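Taking UniProt numbering, I'd label the letters of the sequence shown as residues 1 to 75.
These aren't lab readings, by the way, just hints derived from the structure by calculation. Worth double-checking, as some hints may not be accurate.
As the list claims (entries may be wrong) - Just the calculated beta-carbon pair ranges, DEER-fashion:
{"no.": "1", "residue 1": "65", "residue 2": "22", "range": "15 to 25 angstroms"}
{"no.": "2", "residue 1": "49", "residue 2": "9", "range": "30 to 40 angstroms"}
{"no.": "3", "residue 1": "51", "residue 2": "15", "range": "16 to 26 angstroms"}
What you are looking at is a predicted structure, and each value in this text was computed from that prediction instead of being measured. Ideal Cβ placement from N, Cα and C applies to all residues, glycine included.
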Amino acid sequence: MVPDIGDAERIEVVGWNVQPGQSVSENDELCELVTDKAAFPLECPHTGQIVEITQPRGSTVKVGDQLAILEVEEA
């Protein structure tokens, strides 16, 4: 999900560092988001596998939008 990043009205997905089917670890950088004021990486909240990217590169998103589907690895 797109995190709350202040008063940004426009948030763009400018690139993905992962692909569907890829295993990821907690804190891996999944994608880069850009607002009119800053660019920042979005980190993975859990260890698991990327099932689907729901917002491709170039998408404009808002806080709370789903960016990808992550199948969480059970502990």
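Cross-check of the supplied hints:
Restraint check, residue 65 to residue 22: a C-beta distance of roughly 21 angstroms satisfies the suggested window 15 to 25 angstroms. Range check, residue 49 to residue 9: Cβ separation about 33 angstroms, and the 30 to 40 angstroms hint holds. Between residue 51 and residue 15, the C-beta spacing of about 19 angstroms keeps the proposed range 16 to 26 angstroms intact.
When each numbered hint is compared with the structure, no violation occurs for any of them.
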